[in-house]
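Colleague: So you can see what is in the structure, the chains are spelled out below.
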Amino acid sequence: MGPEVHSASTQKLVDNLSAKLRRRQIVGSRAAALETLLILRQIVSKARFSNIDQLVEIIRHAGRQLVEAQPKEHTVGNTVRKVLHHIREEYNTATHGGALAQPRSAFSIAKFLVQGQPRQQNVALKSSDNNKQPLKENDADDPDSFAKGLKPVLMEAIQDVLDELETVYDNVSKNAKDHIHSDEIILTLGMSRTVEAFLKSAAHHRNYTVIVAETGPSYRGHDMGKALSSSGISTFLVPDSSIFALMSRVNKVIIGAHAILANGGIFAVSGSLLAATAAREHSTPIVVCAGQFKFTPLWNLYHEYGALDFGDPNNVLGFEEGDLVDKVDVVNPYYDYVRPELIDVFITNYGDHPPSSIYRLIKETYDDEDIEL
Amino acid sequence: MPPKQSNPKDPLISDDDEVLQAVILSDSFNKRFRPLTRRKPRCLLPICNAPLLDWTLESLALAGVQEIFVICRSYATRVKAALSKSKWSAPNSGIKITPIMTAKETFSPGDAMRDIYTRGLLTSDFVLVHGDLVSNIRIDDVVRVHKERRKVNKDAIMTMVVKEAGIGHRTRSRGESSVFVLDPETSECLHYEPVMGYPRKSVARIPREVVTAHPRIEIRNDLIDCQIDVCSVEVPSLFTDNFDYGDIRRDFVHGILTSDLLMKNIHCYIAKEGYAARVQDTRSYDSVSKDILSRWTFPMVPDNNHPADHAYEHIRGNKYIPKDNSVVLARTCKIGPKSLIGPASNCSEDTTITSSVIGANCVIGPRSTISNAYLFDNTVIGADCVIDRSIVGSNVQVKDGSRIERGCLLGDGVVVGPGAVLMPFERLMKKDDEGEDSAGGDNEEEDEEEDSDEEDLEEYQKNVKSILGEDSNALVWPRGPPEDEEDEENVENFTNQRFMRLGDDLSDLDSDTSADSSADNSDSDSDSDTESVTSVATSTSASHVPTTPTIAVPSSAAVAEYEFRVEAKQSLERAFAEGHSVDNAAVELKTLRMASNVPLSRVREAVVGAIVERIKIGGEVAEQRKEIATVISRWGELINKIGGVDAVETITALQFHCVGSDRLPLFGQILAALYQEDIVEEEDIRAWHALSASKGAEVLPGLEADNIKKCWTVGERMIQQFDEQESSEEEDGGETDEGEGTTEEGTTEDESEDSD
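Sequences listed follow chains Z and U, in order.
FYI, in the UniProt record's numbering the residues of the first sequence are 1 to 373.
FYI, in the UniProt record's numbering the residues of the second sequence are 1 to 756.
Chain Z with its partners taken away, still in its complex shape:
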């Protein structure tokens, strides 16, 4: 009963999801993370294992398959890593009596003065009042006893991750009013649910103006403009070409992210680099709103040309432009890589952070051995 024993039904789930990811039937980082989490929950609930390594291997196997299916949806891998991290934590608690029973409140620059130094990860704090019998691994009499004992806590841990994912927008935007002040002019790009929630939440307390760039060639800025104006925020939709011209009047640029890399750079909707560079020119602050599930423990992705995820050129140059199609090579990248130097602050559901401390958060969130799945 090795870890390679995958029940047919879970394998089918994994195949199904990887097909959907490959065919881009599931797009968007949160949707991908949610689907992955639901599948991991099923896998854990059905898995048969008698020690922790088997369980980890089962999950890694599924995770590897999903990541290979769609390496550009980074949240898939992130979710797998996070679940693994939680499983190890629960395992440690169960076997060694709550080794890591520390509060999960993370480090944030807002608390920097109070806290002084960020905590070290994995500090072994043995709790003395251990009233529970530790679980026994590889029990020869009852090989399932380990799984039986551990599963309820694991399911709970996964449920926590799920809850976190479901409340991510609220948590990101809970401090919105501290970032947006009255009569400010905010520039944003594309359609990010996080940014939308953030701006809407701030609108309860403040009266301000949003300029939304159309964000060609997807023109998702139109949706954003509609969403914001429908909730009573004064909104302007402007063409992308006027971003630079308007930047001198903008107080803050708020953008969403597709993935946040370990070096503090981000992949964000194409056009973000343009806006960020223009903002830097005018020394306008650039704020990135994103959930913690977008933290990706990879830092060298921007070396890869293909990481920008090039789509169908149809939106840039219509297929019906017959003659040109043959003569012009058109590229349509989904994302821009925005360098960490261009970003001022990340607002996440785990507090506000400068780009330079992202690597610490990532180290806290994931285990080092999972970086390569």
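For the record, the hints were derived by calculation from the structure and aren't laboratory data.
Any given hint could be a false lead.
In silico lysine-lysine, BS3-like type, Cα no more than 30 Å apart, as pairs [as the list claims (entries may be wrong)]:
1. U:Lys147 - U:Lys264
2. Z:Lys363 - U:Lys323
3. U:Lys272 - Z:Lys327
4. U:Lys431 - U:Lys80
Given the structure of chain Z, go ahead and fit chain U onto it with the hints provided.
Modeller: Coordinates of chain U only, in the frame set by chain Z:
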């Protein structure tokens, strides 16, 4: 273990509506890729290093198809084996694929459809595609639109998916395109005409009814016909009913749209989003490959969702290199844009590769140049070779210093060189032992054909201009049109094939294209019927009317009309003689009309004429009148059953027939009898009377005009009677007419002789 959750997000629970079925016609029913397709079917040829069929299956999977039937004919066992080995047969693929081996006698898509019908596989609306399709169109949306339409209109049997593309688009086949006449409101396809590159077509004939029935029409020639059809279950049965339907477009669609017996509608779905194209020929092989490499087919691109599950890395300039580091690229080799290098291939020093696809395990020798060429797996290219715009099959060896010019096709296993120089468009195949042929043996028919070909080939080798090199094992295929090319109208004619050939710039053909295209617009307007001309000019989409060459069909219309008249006469005589029922006679006439494609008015003339001729002349006035009454009451009904009621036209036909016949004196009586039988109404007679043509205005003065005038006066008198009747409620109808008729009898007989 907790029970399986029934969350709506659960990917296991599929939608509860019915399974979407698809049929893939894996056979191409032509030989455009030979000699590459000598030993394997076209659908297993690799494009961007994955078999075409896998691209098609992935396209369907992307569209949410759950059950697929693959109709295999040539090399059916190979297709079946390939399917069973592929990832699609894995239990978790989510798609059920059933290969269906059809008989060797299946020579056209129509035969395949009849086979599907006899097997009764399909339970609901299905998607029909060819085994060489590459598409990322959401076909499930089309199916939804189709089903919605079916709820309202049971006769909407098919939806064709077409893709907008410019005139000069590389993916739009010039050898095989089509003119669609669409209703922009309902997107119903009103008329379809196939267009070939050669012979050139400059006139598209649009039936008058199309123009009169629809206030707005779009005439479009800028569409790529992806040949994705969403069909209702009755489509296969329609193929069975019409045993002569071969091609789905040229026969079926054209047949359905021109038939007024079937009363079925076909719609078009103009895909705005997405990509779809067929690899119909070597030229489209080239353009589809380039479209894939330029990512038009996203999400099916080499670095994402590659159908053969290769993993490629996408590099600036749309270059793709395998991720597994199995490729050896020399430091000095140059890989140009739009290139794909297969796994475990080796590019030596100073090689240059541009816009090409290199298969797996290929070796490219030093200083070789490969541009716009497609190399299949396991091919070895020697040093200092040049390959341009060609397709090189698998296991081919091109030895040092060879030149392969544009448009060449090298079959599997060919060896050329060293120092070979191939002329453009040369097609090479491997000389093989007969033993191998019979061992392959699953396709006797094709083997036989080849045998006969090969004998000629041996002859042909003497006058080959290309240098094959001393180590070569190749046979050169004949170039140019076959001497016995019988049928220029066929799509497969040689000159038309040139439009589909890789690397052919058609410079010699293009010169006359441009000359004609200016005359083209005016040409298509100078249709005989003025009504359609005005509509074409005013139709809103005039900008879409393309200037593509369209070909004038030799005017066989006159011949057909004559034949029709003879046949109709015979048919009616038979009906009269054997006493058929009116309905049967009507059906027979409709069929005839369909067969010879004549307008309804011709049929009416023929029927009216035959009935008039049926009336015996002579006898007493009363007897004559009785004779007329019996004939009209027995057969008069037929006039209105031939497929449309137009009483005014009936009277005109009667008039003009009587003018040219010895029954001129009977005109008034017959008209009265028709009136009695309610075949013509009072208003109709008035309407006819008001027409200028019925007065003979358009006929040169002479006997004929006089006779026409006479008939008209008879009518006039009848109308006067109607008026009198109205005022005095008195009736003495035919009396005066009769008198008129008999007095004039003598003169008319002479005239009829003259006019004959």
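Colleague: Now, for every hint given, state plainly whether the structure supports it.
Modeller: Now for the hints, and whether the structure bears them out:
1. U:Lys147 - U:Lys264: holds, 15 Å
2. Z:Lys363 - U:Lys323: holds, 28 Å
3. U:Lys272 - Z:Lys327: Cα-Cα ~22 Å, so holds.
4. U:Lys431 - U:Lys80: holds, 27 Å
Against the hints set out earlier in the document, no violation occurs for any number.
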